[in-house]
Every structure is written in structure tokens, then in C-alpha cells.
Amino acid sequence: MKLTVKLDFGRGREMKVGTFSEVARDTAFEFAGEFLSSGLNPSPLRLQPGRGVKIYDRSGTMETFGLFDDSLPDGWGRRIVDKMFMKREGRLPTITARLMCVGRSGKGALVYEPADEAAELANAEFDLAALAEEAMAFDAGEAEDALQRLRKAGGSSGGARPKAYVGYNPKTGEVCAESSTLPPGFEHWIVKFNTRRDGEATGEMEYRYYEAALAAGADIAPSRLVSTKAGKFFMTRRFDRTNGGGRVHMASAAGLLHADFRIPGDEYALLFRLTDALTHDRSAKLELFRRACLNVIAHNRDDHLKNFSFLMDEKGRWSLAPFYDFTYAEGPNGWQTLSVAGEGANPGVDDLRRLAKGVGLEAHESEPIIEHVVESCRNLVAGGF
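Numbered per our numbering, the sequence shown spans residues 38 to 422.
Careful, some of the hints might be misleading.
Said to hold, decoys possible - Label-pair distances were calculated between CB atoms; the ranges are: (1) GLY87 x SER320: 31 to 37 Å; (2) GLY112 x GLU402: 32 to 38 Å; (3) GLU399 x VAL60: 48 to 54 Å; (4) GLU126 x GLU408: 52 to 58 Å; (5) VAL60 x ASN280: 17 to 23 Å; (6) THR131 x GLN85: 45 to 51 Å; (7) LYS39 x ASN383: 17 to 23 Å; (8) GLY236 x GLU402: 35 to 41 Å; (9) LEU262 x LEU129: 32 to 38 Å; (10) LYS39 x LEU323: 39 to 45 Å; (11) ARG319 x LYS39: 41 to 47 Å; (12) LYS124 x GLY89: 45 to 51 Å; (13) ARG128 x GLU399: 26 to 32 Å; (14) ASP63 x ASN383: 28 to 34 Å.
Since the hints were derived computationally from the structure, they do not count as laboratory data.
Beta carbons are placed, not taken as given, at the ideal position from N, Cα and C, and that holds for glycine.
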């Protein structure tokens with residue numbers, strides 16, 4: 038079966054990118070003729086626009102081209118889709134079937150047709166606390182009757198923790214079901230639920246880390262700690278959506294580089310080279326260095342390549358996406374997932390200084406960032422996390 042892949046920037050601004058299919062164990066993609074004249078390049082490093090069918094060999098490190106691998110649900114979303122297919126068809130879904138489940142509801146601006154999407158949740162029936170309880174129960178192997186609701190709420194999401202896409206009104210605190218068209222005053226947000234393994238403080242911890250990142254001057258999306266009958270949960274505004282129904286193309290560093298984020302061994306220097314190549318923006322390099330400092334000093338060792346993303350606008354201009362998934366976390370065998378100037382076991386401030394020098398930052402640029410981050414994270418630790 039073939040899928041039509043489009044870039045949908047919202048508000049009627051949609052264009053066909055090409056056709057996706059599976060060939061034996063491999064996946065294939067052919068750019069649409071009309072797209073080749075657009076000047077856009079949604080995956081500039083590993084999938085250059087051109088004529089003819091392009092084949093991705095499944096012996097590579099990813100399931101398919103990074104452009105589409107970024108759309109595939111992983112972690113929580115993948116579990117939901119797999120469970121749905123096993124229940125409905127007695128088998129696991131193909132890559133094509135997974136992308137059909139994403140349809141128009143995935144992150145970024147890529148959409149897939151035909152779609153196999155769940156019906157939208159009705160606002161009248163939307164209850165965040167009930168959804169949280171169902172998500173936590175499903176995570177523990179229960180509540181299979183809630184599968185369709187959980188799929189619609191977060192079946193195209195990534196990451197290990199249960200989550201839901203919602204509409205949120207930051208002025209009133211009201212939450213409604215996710216939809217391409219939200220009521221006036223509502224914005225597109227993500228709510229992260231706790232698991233029974235995590236404990237109740239998980240959301241509070243991520244919110245405290247968010248406050249530390251803000252204090253350090255990081256570019257991070259507005260976030261809240263929402264209280265419900267089911268507990269307190271961290272929520273953050275989506276940066277791949279804009280008010281009024283707009284969508285923004287989003288690509289992770291892992292997808293752009295065709296790198297398996299689950300395999301440790303990459304380094305921050307690689308991210309700096311990627312940022313240079315895409316943005317040509319020195320301020321983006323300084324922001325990336327600030328994030329490296331935050332991850333190292335605040336002990337976020339789960340800093341893999343899928344936790345860094347870039348955004349492309351309708352004119353093909355790239356920028357570094359806001360900081361996300363910043364919280365206390367261990368890495369593989371306790372190591373920093375991205376090494377810092379060659380140090381992965383226990384990187385510190387001296388390694389950050391060597392990183393800054395190695396990527397071309399001057400001491401007068403890097404030292405204030407280090408000092409600012411150390412101070413912001415000292416307050417974080419003093420707060421009890």
C-alpha cells in the first residue's frame with residue numbers, strides 16, 4: 038500500500054511531498070514532481086529532493102528514513118498502537134500502518150493519507166483526571182477498554198511516559214480535547230502523566246527543572262503544573278503548533294542524522310555541527326551550549342539525539358526548537374548519553390569549558406552561561422530535587 042505524504046502548515050497551506058511505500062523489508066519514497074520546484078528540503082542531510090525512487094535499507098540503524106521515523110510513535114504511543122493492532126488484527130502493525138495511525142495528528146507538519154485515525158474525543162466527555170487514571174492503569178497493564186481514548190489523546194506521541202495532547206486555556210486553566218481547531222483562547226499543549234513506577238513527584242520535579250531552565254535563560258516553551266483528582270502533572274505548550282491552526286515542520290537531530298537515539302556514543306560536538314549547518318546562527322550555538330550545561334549540571338543524562346529538534350518554516354528557514362524533556366534522569370549505565378568533550382562517565386564544568394573551546398565559543402561567551410546555569414541549578418537542588 039502507498040501513502041501520500043504532505044506538508045500541512047495549516048490554514049489551507051498544504052503541499053504534496055511524495056509517496057511512501059514498503060518494498061519487502063525496505064521502505065521507499067518518491068518525491069512529487071511539484072514538490073521539487075518548491076525549494077523546500079524537510080530532511081536536508083539524508084533525503085535530498087530529487088527524481089526517482091529512493092530506498093531505505095532496513096539494515097540501517099532506523100526503521101525508515103529519519104524524516105518519517107520522526108513521525109512514528111515510540112515509547113508510550115507505540116505501546117498503544119501495538120496493543121490496538123494485536124487486539125484488532127492479531128499482529129503488530131507495519132511501518133505503513135503506523136504512519137496511517139499518525140494520519141494528520143502527529144507532531145510537526147507532516148501528514149499521511151489515507152489515515153487510520155481514532156475519532157476525536159468529545160469536549161463534553163473530556164475529563165483530564167479520568168484520562169490520567171486510565172493512562173496510568175494502561176501503563177500498568179490494565180484498562181484495555183480505554184484503548185481508543187488513549188490512542189486519540191496520545192497515540193502518536195513519543196517518549197516513555199504516558200501523555201496526552203490537549204487544548205489548554207492559560208488564562209482560565211480550562212482543558213479540552215485536542216482538535217485541529219480549538220475554541221477561542223485555547224492553545225495546543227501536552228500533558229505528561231505519572232506512572233505507578235515514577236511516583237507522584239515526577240510532574241513536580243519536571244516543573245522545578247523547567248523553572249531552573251527559565252532562570253538560566255533557556256529558550257523553553259511555557260509550562261504549568263496542573264492539579265487534578267488523579268495527581269499533579271507537568272504540561273507544556275507545543276512549539277510545533279501556532280495559534281489559529283498553524284503547524285510547523287519539526288525534525289529531531291536523530292531523524293536528520295539517521296542516528297538511532299537508543300544507542301549511546303554520540304557527542305555534543307555533533308549537535309553543534311548540525312546546528313551550524315542548519316541555522317548559521319551563532320545565538321543558536323550559545324543556546325545549545327546553555328542546554329548542554331543544564332543537562333550536565335542538573336543531572337539530566339537522558340540527553341539523546343531525539344531530545345534536540347529543529348523547526349522549518351514555510352520558506353525553508355531552519356531554527357533550533359525550544360528546549361524540552363529537561364528533568365532529572367539517568368543515562369545508559371549511568372553515563373551522559375551525549376559525551377562532553379569526550380567525557381561521558383562523569384562530565385563537569387571543566388569538560389563544558391573544553392566543549393565550548395572545541396566548538397568555537399569564546400571564553401567571554403561561555404563563562405557567563407556556565408555561571409548562570411550553576412546558580413540556577415543550585416537553587417533547584419536547594420528546592421529539594
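Going through the hints against the structure:
{"no.": "1", "hint": "GLY87 x SER320: 31 to 37 Å", "in the structure": "holds (32 Å)"}
{"no.": "2", "hint": "GLY112 x GLU402: 32 to 38 Å", "in the structure": "holds (36 Å)"}
{"no.": "3", "hint": "GLU399 x VAL60: 48 to 54 Å", "in the structure": "holds (50 Å)"}
{"no.": "4", "hint": "GLU126 x GLU408: 52 to 58 Å", "in the structure": "holds (57 Å)"}
{"no.": "5", "hint": "VAL60 x ASN280: 17 to 23 Å", "in the structure": "violated (41 Å)"}
{"no.": "6", "hint": "THR131 x GLN85: 45 to 51 Å", "in the structure": "violated (26 Å)"}
{"no.": "7", "hint": "LYS39 x ASN383: 17 to 23 Å", "in the structure": "violated (50 Å)"}
{"no.": "8", "hint": "GLY236 x GLU402: 35 to 41 Å", "in the structure": "holds (39 Å)"}
{"no.": "9", "hint": "LEU262 x LEU129: 32 to 38 Å", "in the structure": "holds (36 Å)"}
{"no.": "10", "hint": "LYS39 x LEU323: 39 to 45 Å", "in the structure": "holds (44 Å)"}
{"no.": "11", "hint": "ARG319 x LYS39: 41 to 47 Å", "in the structure": "holds (43 Å)"}
{"no.": "12", "hint": "LYS124 x GLY89: 45 to 51 Å", "in the structure": "violated (39 Å)"}
{"no.": "13", "hint": "ARG128 x GLU399: 26 to 32 Å", "in the structure": "violated (57 Å)"}
{"no.": "14", "hint": "ASP63 x ASN383: 28 to 34 Å", "in the structure": "violated (41 Å)"}
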